[in-house]
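**Student:** Each chain, written out:
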Amino acid sequence: MDGGVFANLMHGFSVALQPSVLAYAFAGCVIGTLVGMLPGLGPLAGISLLLPATFGLNPIIAIVLLAGVYYGAMYGGSTTSILMRIPGEAASVMTCIDGYAMTQRGRAGPALAIAAIGSFVAGTLSVVALMFLAPTLASFALRFGPPEYTGLLLMGLFVLAYMSGGSMLKTLAMAAVGLLLGMIGIDAMSGYTRFSYDVIELADGIGIVPVAVGLFGLSEILLTAGQPTPPAIQRPTLRQLIPSLEEIKLSVGPISRGSLIGFLIGIIPGSAHIISSFVSYGIERRMSTHPERFGKGAIEGVAGPESANNSAATGAFVPMLALGIPTGPITAVMLAAIMVHGISPGPMLITQQPDLFWGFVASMYVGNVVLLILNLPLVGLFVYLLRIPYSYLYPAILCFCILGVYSVSNSVVDVWIMLGMGAFGYVLRKTGFEPAPIALGLILSPMLELSVRQSLAMSGGSYGIFFERPIAITMFAAAGVLILLGLKPLLFKRKDWREKVGLEDQV
Amino acid sequence: MQQTGGASRGLRSDVVAGVVLMLIALLAGWQNRAYPVGTLAEPGPGYMPLMIAGALGVFGLLIALRAGTSPLFNAVDWSEGRRGIVMLIACGVAVLALERIGYRLSMTALLVFMLGVVERKRPVPTLLVAFGFAFLSYYLFASLLKVQLPHGPWGL
Chain A
2 MDGGVFANLM HGFSVALQPS VLAYAFAGCV IGTLVGMLPG LGPLAGISLL
52 LPATFGLNPI IAIVLLAGVY YGAMYGGSTT SILMRIPGEA ASVMTCIDGY
102 AMTQRGRAGP ALAIAAIGSF VAGTLSVVAL MFLAPTLASF ALRFGPPEYT
152 GLLLMGLFVL AYMSGGSMLK TLAMAAVGLL LGMIGIDAMS GYTRFSYDVI
202 ELADGIGIVP VAVGLFGLSE ILLTAGQPTP PAIQRPTLRQ LIPSLEEIKL
252 SVGPISRGSL IGFLIGIIPG SAHIISSFVS YGIERRMSTH PERFGKGAIE
302 GVAGPESANN SAATGAFVPM LALGIPTGPI TAVMLAAIMV HGISPGPMLI
352 TQQPDLFWGF VASMYVGNVV LLILNLPLVG LFVYLLRIPY SYLYPAILCF
402 CILGVYSVSN SVVDVWIMLG MGAFGYVLRK TGFEPAPIAL GLILSPMLEL
452 SVRQSLAMSG GSYGIFFERP IAITMFAAAG VLILLGLKPL LFKRKDWREK
502 VGLEDQV
Chain B
73 MQQTGGASRG LRSDVVAGVV LMLIALLAGW QNRAYPVGTL AEPGPGYMPL
123 MIAGALGVFG LLIALRAGTS PLFNAVDWSE GRRGIVMLIA CGVAVLALER
173 IGYRLSMTAL LVFMLGVVER KRPVPTLLVA FGFAFLSYYL FASLLKVQLP
223 HGPWGL
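So the sequences go chain by chain: A and B.
Counting the first sequence from 1 gives a position; this note's numbering is that position plus 1.
Counting the second sequence from 1 gives a position; this note's numbering is that position plus 72.
Hints were generated in silico from the structure; no laboratory data involved.
Please note that the accuracy of each hint is not assured.
Claimed, not checked - Interface residues of chain A toward chain B, partial, derived using beta-carbon atoms under 8 Å:
(1) ALA8
(2) MET11
(3) GLY57
(4) LEU181
(5) TYR193
(6) LEU224
(7) ALA226
(8) LYS250
(9) LEU399
(10) VAL413
(11) ALA424
(12) PHE434
Unchecked claim - Examples of chain A residues lying across from chain B (beta carbon under 8 Å, computed):
(13) GLY5
(14) GLY298
(15) TYR393
(16) LEU394
(17) VAL453
(18) ARG454
All residues carry an ideal CB built from backbone N, CA and C; glycine is no exception.
Construct all of the structure, not just a fragment, from the sequences and the given hints.
**Tutor:** In structure tokens:
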């Protein structure tokens with residue numbers, strides 16, 4: 002489709018404002034807000050649950066609905082973090098610290114309002130960036146061959162290892178476990194069935210949904226079930242939501258920085274929305290003239306991370322739409338939702354499917370407005386849900402996990418995989434390992450294998466092909482720099498970046 | 073997470089983790105013998121699994137070697153573990169039953185067990201929540217959203 006960005010956007014609005022698309026965007030936002038609020042039922046589980054229901058819809062509606070759930074969960078996650086100190090999903094962990102401290106000081110309303118406004122501003126700004134960046138990146142990506150894709154995928158894994166803040170070795174080990182899991186099933190190049198042990202379902206490989214729901218959803222339930230009942234919940238009135246002038250002033254900088262940081266981190270493969278909130282919190286604390294206020298109810302500690310995680314959620318759509326590369330399990334499931342309809346993701350998607358791309362972009366503007374309305378005036382309504390005791394809630398979430406995983410391919414084997422991954426995720430979290438790289442490794446594994454083997458075949462078996470092409474060598478160089486930066490604290494006994502930004506006593 | 077080990081002696085959690093990762097790598101490498109590795113110019117289906125298993129083995133070894141500051145394995149708090157095992161077994165039984173007695177009955181049974189036995193809730197709320205959730209979620213997903221869910225006896 003020809004025409005400038007704004008002409009295309011107008012076309013997108015003509016798609017997004019169709020009543021059926023609007024209705025599904027609204028439904029996605031409501032469901033997303035709910036799943037974001039419920040511990041153990043994060044955006045991934047929510048999207049997985051809805052995935053089979055989208056098979057009968059047209060692809061535009063399917064992706065609009067699922068994207069609504071994704072960024073709705075980013076908004077919803079802040080509510081439980083601020084009011085109950087329970088992160089509805091992992092990206093809201095940092096919001097708990099100062100958000101809940103504000104609640105204890107009777108400032109729950111402004112904390113919720115700033116979280117919603119920050120999310121709205123970041124969400125909107127990042128859609129603008131997505132709108133300009135994705136088509137440019139897509140046309141640039143036409144120059145990518147197998148060596149460039151290899152460089153990009155490896156760089157993504159190293160960025161995740163470096164940014165995740167924990168041990169780089171442990172993150173890389175978990176990514177390797179994920180890559181190994183991705184080897185299960187039919188080899189696309191030779192037709193060999195690997196590691197399937199005569200289980201027919203394994204011949205298709207291990208799906209991302211059972212692995213991710215097990216590692217994130219089920220393991221969270223295993224960790225939290227049986228914990229003491231949380232304290233009574235405050236329900237702020239509309240008037241109590243209005244922040245003071247000083248709180249607004251203090252939030253402007255963190256919201257702007259959070260939007261930028263979140264978007265930049267979002268476009269790199271990894272658990273962007275989680276990492277971005279950690280980085281944003283650290284930066285705000287470091288930049289503050291009164292860092293001692295952090296942890297005791299600093300509004301900047303709410304504004305920055307909440308803006309960053311929403312911005313990262315949108316940033317993650319850039320490589321997904323422009324390159325066809327999922328940056329994490331959530332975008333992988335969303336790609337699956339459009340591939341079911343025979344649409345091939347990749348650099349040609351934007352030109353071949355303008356209705357899908359621009360309709361999706363426009364729907365995100367609409368979704369952000371819907372979420373602002375849902376999360377400010379209607380927050381009291383959603384809070385009622387939090388009054389359900391967790392002892393009733395988690396068995397229901399458990400059933401939702403089984404339902405969601407089973408219904409993706411009507412396979413009991415998938416549910417067994419989910420249960421196994423749940424137990425594995427629990428053990429990993431208990432022993433200080435982060436499960437997110439497993440999911441990313443699993444997603445990237447087939448792409449990485451194909452690009453490595455094609456590159457080697459192209460070069461007649463020479464690894465030099467990765468260092469002869471400018472784009473590929475740039476990416477490998479970036480990966481190399483990250484390895485060296487990761488080794489620095491090991492060699493020189495320096496503090497790691499998380500300690501430097503002041504997170505060591507918070508997480 | 074947990075306290076880091078200071079002067080106390082014992083097996084470190086990272087030693088255990090590193091050894092487990094090395095064992096996984098060895099197992100994958102051993103199983104990979106069944107697939108041709110090929111040549112560098114024409115890598116076979118066994119090439120990438122071998123490379124990744126090798127990398128995993130090296131990472132496992134390094135994690136085990138650098139385990140000095142990790143917590144003692146015995147000091148890791150596994151207090152939720154027992155409840156977790158019960159939950160996983162209950163889910164496993166429900167999964168076995170899922171395609172035999174159908175979604176609604178198996179989920180009702182799972183919820184009755186979780187609420188009535190594990191959480192010790194009173195019978196009336198337990199039954200109301202169990203039946204309500206199973207039948208409402210079935211109506212929402214199977215009837216309205218047309219998601220295929222297994223049926224059991226009597227069409228349930």
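**Student:** Work down the list of hints and note, for each, if the structure agrees.
**Tutor:** Here is what the structure says about each hint:
The beta carbon of A:ALA8 is not positioned within 8 Å of any beta carbon in chain B (closest approach about 36 Å), and the interface hint is therefore violated. Hint status for A:MET11 relative to chain B: violated, with the closest Cβ pair at about 32 Å, above 8 Å. Nearest Cβ of chain B to the Cβ of A:GLY57: about 6 Å, under the 8 Å cut. The hint holds. Hint status for A:LEU181: holds, given a least beta-carbon distance of 5 Å to chain B, under 8 Å.
Hint on A:TYR193 holds. Least Cβ distance to chain B is approximately 4 Å, under the 8 Å limit. For the restraint placing A:LEU224 at the interface with chain B, the shortest Cβ-Cβ distance is roughly 6 Å, inside the 8 Å limit, so the hint holds. Using the Cβ-Cβ criterion of 8 Å, the hint placing A:ALA226 at the interface with chain B is satisfied: the shortest such distance is roughly 6 Å. Given hint, A:LYS250 at the interface with chain B, is violated; its Cβ is 37 Å from that chain's nearest Cβ, farther than 8 Å.
Against a cut-off of 8 Å between C-beta atoms, the interface hint on A:LEU399 holds, since the closest Cβ of chain B lies about 7 Å away. Interface hint at A:VAL413: satisfied, since its Cβ lies 6 Å from the closest Cβ of chain B, which is below the 8 Å cut-off. Hint status for A:ALA424: holds, given a least beta-carbon distance of 6 Å to chain B, under 8 Å. Satisfaction of the interface hint for A:PHE434 is found here, the shortest Cβ-Cβ separation to chain B being roughly 7 Å, below the 8 Å cut-off.
At about 39 Å, the closest approach between the beta carbon of A:GLY5 and any beta carbon in chain B exceeds 8 Å, and the interface hint on this residue is violated. Because the smallest distance between the Cβ of A:GLY298 and any Cβ of chain B comes to about 25 Å, over 8 Å, the interface hint for this residue is violated. Given hint, A:TYR393 at the interface with chain B, holds; its Cβ is 6 Å from that chain's nearest Cβ, closer than 8 Å. Taken as an interface hint, A:LEU394 does not check out: its beta carbon lies about 10 Å from the nearest beta carbon of chain B, beyond 8 Å.
With 8 Å as the threshold, the beta carbon of A:VAL453 comes within range of chain B, its nearest partner Cβ sitting at about 7 Å, so the hint holds. This hint holds: A:ARG454 has a C-beta 5 Å from the nearest C-beta of chain B, less than the 8 Å allowed.
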